[in-house]
Amino acid sequence: MADPPSLHPSPNRPRTAQVAPWNPRSPAAAGSLPVAAGGWIWVIALLAGLLGFWVVQQWRLQALLQQTAAARETRLLTQLVQSSLARDTVLAARLSTLRQDAASAPSTPVARLGHRLRAAQRQAGLGSVAGVGVTVVLHDAAGPAFPGEPAELQLVHDQYVLHIVGLLSAAGAQAISIAGQRYVSTTAIYCAGPTISVNGVTSGSPFVIQAVGRPTALLGALANDPDVQGWSQLVSIQFHAAAVVRVAALPTVPDLPWLTPAGHRG
Amino acid sequence: MIWIVLVGLALGMLVGLAFPVVLPGAFAHYLSIALLAALDSVFGGVRGSLENRFDATMFITGLVSNAILAAGLTYVGDKLGVPLYYAALFALGFRIFQNLGAIRHLLQDRWRARRAARERPAPRA
Numbered sequence: 033m034a035d036p037p038s039l040h041p042s043p044n045r046p047r048t049a050q051v052a053p054w055n056p057r058s059p060a061a062a063g064s065l066p067v068a069a070g071g072w073i074w075v076i077a078l079l080a081g082l083l084g085f086w087v088v089q090q091w092r093l094q095a096l097l098q099q100t101a102a103a104r105e106t107r108l109l110t111q112l113v114q115s116s117l118a119r120d121t122v123l124a125a126r127l128s129t130l131r132q133d134a135a136s137a138p139s140t141p142v143a144r145l146g147h148r149l150r151a152a153q154r155q156a157g158l159g160s161v162a163g164v165g166v167t168v169v170l171h172d173a174a175g176p177a178f179p180g181e182p183a184e185l186q187l188v189h190d191q192y193v194l195h196i197v198g199l200l201s202a203a204g205a206q207a208i209s210i211a212g213q214r215y216v217s218t219t220a221i222y223c224a225g226p227t228i229s230v231n232g233v234t235s236g237s238p239f240v241i242q243a244v245g246r247p248t249a250l251l252g253a254l255a256n257d258p259d260v261q262g263w264s265q266l267v268s269i270q271f272h273a274a275a276v277v278r279v280a281a282l283p284t285v286p287d288l289p290w291l292t293p294a295g296h297r298g
Numbered sequence: 012m013i014w015i016v017l018v019g020l021a022l023g024m025l026v027g028l029a030f031p032v033v034l035p036g037a038f039a040h041y042l043s044i045a046l047l048a049a050l051d052s053v054f055g056g057v058r059g060s061l062e063n064r065f066d067a068t069m070f071i072t073g074l075v076s077n078a079i080l081a082a083g084l085t086y087v088g089d090k091l092g093v094p095l096y097y098a099a100l101f102a103l104g105f106r107i108f109q110n111l112g113a114i115r116h117l118l119q120d121r122w123r124a125r126r127a128a129r130e131r132p133a134p135r136a
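Chains as they are written, first to last, in my numbering: chain A, 33 to 298; chain B, 12 to 136.
Calculated from the structure, these hints are not laboratory results.
A couple of the hints might just be wrong.
Stated by the list, open to error - Simulated coverage check for chain B against chain A, where a stretch passes if three residues somewhere in it have a Cβ under 8 Å from a Cβ of chain A:
| no. | region |
| --- | --- |
| 1 | 17 to 24 |
| 2 | 31 to 44 |
| 3 | 69 to 76 |
We put the beta carbon where it would ideally sit given N, CA and C, even for glycine.
One chain only, chain A, in its complex shape:
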C-alpha cells in the first residue's frame, strides 16, 4: 500500500510541478497503470476479476440473507397462527364434549348438584310451579250483618288465612300462594286494617289461596275443620279443586344475612 501523502498540497508548492501534464495519448494517461513489469497486469486483471466476482457474490449473498430472514419470520408467524388455530379447534371440540357430558350424564357430580339445586329452589319457592290442587277464595261478608254483629266480624282476618294455610300444609300441600304471594319459611301474614299483608305486599278482599297437592286431602281438611265451618257463617269461604293450579315464585331471592350454614362456626 502506498503511504498516504498529505491530502491537500501545501499552497506554496507549485501544483503542476508534482503532477506531470496529463496527456490523453500518453501511455500513462490512457488510464493504463504504470506497471513496472508487464506481466503483472495479468495478475491485476485476475485480481480484478476475483474482486468483481466477490462483490457480486456478496451482493447476492446479502440479498439472500435478507430474503431468508423475511421468509423465516413469515414462516414463524404462519406456524404460530396455525398452532393457535389448531389449539382453538381442539379446545372447541373439548368444550362441546364437556357440554354434552354435562347435559346427558346425570351421574356426574355437577348434574347431581344441579338436580338438588332445582329441588331446593322448588322447595324454597324460587321457581313458579303448577300442578293439580285447590283454590280457596275468602271474601268479606257480602250479605247484611246479623243484628248487633260487630263490623270486624264481616272482614276476613289474618288468622283465617293463617289457619287455612296451616290446614293445607298439614294436609300435604306442596306449594301455597296467598294473593299471588308465595308462602315460604319467611312469609309473614298479618292484618293491616281491612287488608292483609303477605310477604310485605298488601292486598284486599277477595283473598285467593292456591295450593298444589292432592285435592281430596286438601278439600277434606278444609271441609272438616270446625273453624272454617264457623267462619264460613261470617264471611264467604269457598274452595274447589282445580286441574292446574299455578303457584307463583318469589319475585326475588330473599336476603337472609343472619343465616349461615350450621356447619360453619361464627
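Starting from the known structure of chain A, fit chain B onto it as the hints suggest.
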C-alpha cells in the same frame, strides 16, 4: 492496458452473477470485511497510479494480505469477544474516503494542468 483489468473485472462480475451458488452465509461477516479491505487497496492503488508511484507488487501483495488480515482479525476478534469488525470497518472506511478525496484532488489538478497547457500557446490579450 487498463482495459485488461476492466475486462477481468467484468468477467468476474459475470461469473459471479452466473455462479449457481452464493458464498456460504456463515462467512458473510468476514467476507464483507475482507472485501472492504480489498476495495481500500483498490482505491489506494488508483491513487498511487495517479501519483505516478504505483507499484504492482506492492498493490497485489497489499490487496491480498489486507483482505486476509482483515478477515482473520475479525474472526479472531469474534472468538475473543472483541468486536474488531467495527474497528476494521472504521479504519478501512475512513481510508477509503480519504483516498477518494485524494483521487478527486489529483484528477482536478490534472484537469487544471491540461487546461493550462492548452491555453499556453494562445496569444495573451
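Results of checking the hints against the structure:
no.: 1; hint: 17 to 24; result: holds (count 8)
no.: 2; hint: 31 to 44; result: holds (count 6)
no.: 3; hint: 69 to 76; result: holds (count 6)
Figure legend: structure checked against the earlier numbered hints; every hint is met.
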